[in-house]
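Participant: Position chain B relative to chain A; hints supplied.
Protein chains in written order, with my numbering: chain A, 58 to 487; chain B, 438 to 568.
Calculated directly from the structure, the hints in this document are not laboratory data.
All values derive from a computational prediction rather than experimental measurement.
A couple of the hints might just be wrong.
Have a look at the derived ranges for each label pair, beta carbon to beta carbon [as the list claims (entries may be wrong)]:
1) K480/B / T341/A: 52 to 62 Å
2) S562/B / P407/A: 41 to 51 Å
3) S483/B / R346/A: 48 to 58 Å
4) S483/B / K336/A: 56 to 66 Å
Interface residues of chain A toward chain B, partial, derived using beta-carbon atoms under 8 Å [as the list claims (entries may be wrong)]:
5) H249
6) V326
7) R385
Covered by chain A, per the in silico footprint, the following chain B stretches (three or more residues, Cβ under 8 Å) [claimed, not checked]:
8) 454-462
9) 476-484
10) 539-553
The beta carbon of each residue, even a glycine, is placed where N, CA and C say it ideally should be.
Chain by chain, the residues:
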Amino acid sequence: MRHRIIQEIASSVVAAGGVDNVIRALVESTTLGTEAKGCSFLTLSADNRHLLHRITYGMSEEYPYTQQILKREAKEQVLKGTPLLVLDVKSDPRVRYKEEAQKGGVVSIAFLPVRARYKIRGVMRLYFSEKKKFDREELDFLDSIAELGGIILQRAEDQDRLARDAEEARRDLARIRDERRHFLSFLSMVTHDLKSPLVAVQGYLKLLLRKSVDLLDERMTNGIRRSIQRIDGMMELISDLLELSRLESGQVVSEFKPVLWDDMLGAAVEMAHELSEPKGVAVTTEIHRPLPEIFASEIRLQQLILNLVSNSVRFTPRGGNIHISARRDEDSVVVCVEDNGEGIEPDKLPHVFEEFYKGDPESVEGTGLGLSICKRIVDMHHGRIWAESPPPHKETGTRVCFSIPVGVTCHIEERWKLKENGGRNNVDIL
Amino acid sequence: MAEKILLADDDPDVIEVISILLEDEGYDLITAGDGAEALEKIKLESPDLIVLDLLMPLVDGFGVFNALREPGYEPWSGIPIIILTSVREEVSNRRYELETGHRMDYAAYLEKPADPDELLETVSSLLGGRD
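Bound conformation, chain A alone (with noise of 0.2 Å):
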C-alpha cells in the first residue's frame, strides 16, 4: 500500500509541478515537519560516482552541503538503502570531516537513500541543530518521504525520455521528410536532363521533315517519322518511370482529399472524350448515383481511368466504343472500362499488370508501364484492379475494372479537413 500511495502522489504532482519545484516542496516540508535545520537533497551521477548536489533548505552558504560527509563505508551503507543517523557529528566516527560537518552548529545528521524501483537515485539527508533521535516508524516514514523524492525524479526522467524519443521521431521524420523532397528533385532534375536532347534531336527532325519533305523518298520520310515516334516512345518512358518513382516514394498521398465521384468522373470522361475521338472510338458512360465520398487523390485517379481508356483506345479499332462505368458495390466504388477491342490473349491476361510488360513486345507504342501504375495507384487507395477478357457475355474485347473501398474515411477525412483549413491559412499569409 505504501508504495502505491507514494507512486499514486508522485505522478499527480509531477505532472502538476515539475520535478525541481516538487523536490523543493518536499524538502522544505520536511524540514520544517521535523523541525530540523535544513536539508538537502543530492542525486547519484549517471555512472553511480558521484553524488550531485540538486535541492537545499534552510541551510547557510558556507556549509558543505554539496560535498562527502560520510566515509566510504557509511556513505556506501546508505548507497545500499540502509537509513543513517549520525546523533553527534563531533564524535561520530563514520563522519570524515568533523570539523566542516559542524559549521553552523550542526549536530545530529539523517541520512535517507532516495530509492525508485529497488535502486538507489540518490540521498536526503536532514542536519539538525540539536541531538535528534527517532524511533523505528519516525525513521520509517522519513524513508518513505525520501523514496516519494527518488519516485519523482524517476518519473521525471521517464518523461524526459518519452520527450526526447518523440523529439527524436519527430527529427527522423523531419530527415526523411527531407530526403524524400531531395529525391523527388533529383528525380525531376533526371528526367528534365533525359528529355532535354530528346527534345532537341526531335526539333530538329521535325523541321527535316518539314522543310526536306519534297527532296526526300518516302522510304527517308517515313524513317524520320518513325524517328519522331520512337523519341516519343523514349520521352513517355522516361515519364512513366518519373511517375512510378514519384508513386513508390509516397509523395501522393499528401494529394489525398475527400473526392466527390461527380466532378473527378466528369473530368476524367470528358478527357476520354478527348482522347478516343480522334481516333474514331465512341465513349459511352453509366453511372450509378449517388456514389458516396471517397478519400483518395482525385489526380491520380482520373490519371488512372484515363490510362485505362487510352490502353482501350490502343487496342480498339475505328468504329469501336469504349463504356466506363461507375457504381457502388458494398462498401466500395467499383470503376470498369470496357471496350470491344482486339482483346487479351489468355495466356497474357495474368501478366498484363506486370512492369515493363507489353502484350506484342515488337510494338512500339507504349512502354509497358502504364497498367504497372494504374496498379500502383489502385494500391495507394487500398482497392483492387483486375482486367476481364472477353468482359463477361461478350465475345470480344477487354474489360478493366478497379474498386476502391469507401472504408474508414470518416475518421481521416475529418483529420485532413482540419489539416487543410491550416493549409489554407498558410497559402493565405503567402
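Facilitator: Same frame as chain A, but now just chain B:
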C-alpha cells in the same frame, strides 16, 4: 515591320530549331540563354511576344514572371508569354502559386516536345490578335 519575338531557352539546340521555324515565317527573333539575359533583352528590345522556357540557370522562367510583375517592368508587363517547357502545366502552376500566391499569367502553355504547327498557330494567333 516584322514582329519581334524573344525566345528564352537554355538549350542552344532548342533555340536553333525554333529560330529556324519562326524566322522562316518572317518573324524577327531575339534569343536569350537564361532568365537574366531575357529580362535585359525585354527592356532593350520590347518584343511583341515572349517564348519562355521555365527551367533555366541564373533566373528561371518563374523568376522572369516575378520580375515582370514588378513596377520597374510595367511597360513590358503586358507582353504575351508562351511558356514552352518540359514541365507539366499543372505542376508549374502549383509551384508558382505555392511560391508566390499568384496565378501565373501566360497566354499559352506548350509542353515540350511541341509540334511545330501548334507553336506556329499559337504564335500567329497571339500576334494576329494584337494587330
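Participant: Does each hint hold? Answer for all of them.
Facilitator: For each hint, the structure was consulted:
Under the hint 52 to 62 Å, the C-beta atoms of K480/B and T341/A, about 55 Å apart, fit the expected range. With their beta carbons about 50 Å apart, S562/B and P407/A fall inside the hinted range of 41 to 51 Å. Range check, S483/B to R346/A: Cβ separation about 55 Å, and the 48 to 58 Å hint holds. Look at S483/B against K336/A: about 44 Å separates their beta carbons, and that is not inside 56 to 66 Å.
Given the 8 Å rule on beta carbons, the hint for H249/A holds: about 6 Å separates it from the nearest Cβ of chain B. Hint on V326/A is violated. Least Cβ distance to chain B is approximately 19 Å, over the 8 Å limit. A least Cβ separation of about 29 Å between R385/A and chain B goes past the 8 Å threshold, and the interface hint is therefore violated. Counting residues of the stretch 454-462 of chain B whose CB lies closer than 8 Å to any CB of chain A gives 5, which reaches the minimum of 3, so the coverage claim holds.
A stretch counts as covered by a chain when three or more of its residues have a beta carbon under 8 Å from one of that chain; for the stretch 476-484 of chain B and chain A the count is 0, and the coverage is violated. With a threshold of 8 Å between beta carbons, the proposed coverage of the stretch 539-553 of chain B by chain A holds, since 4 of its residues qualify and at least three are required.
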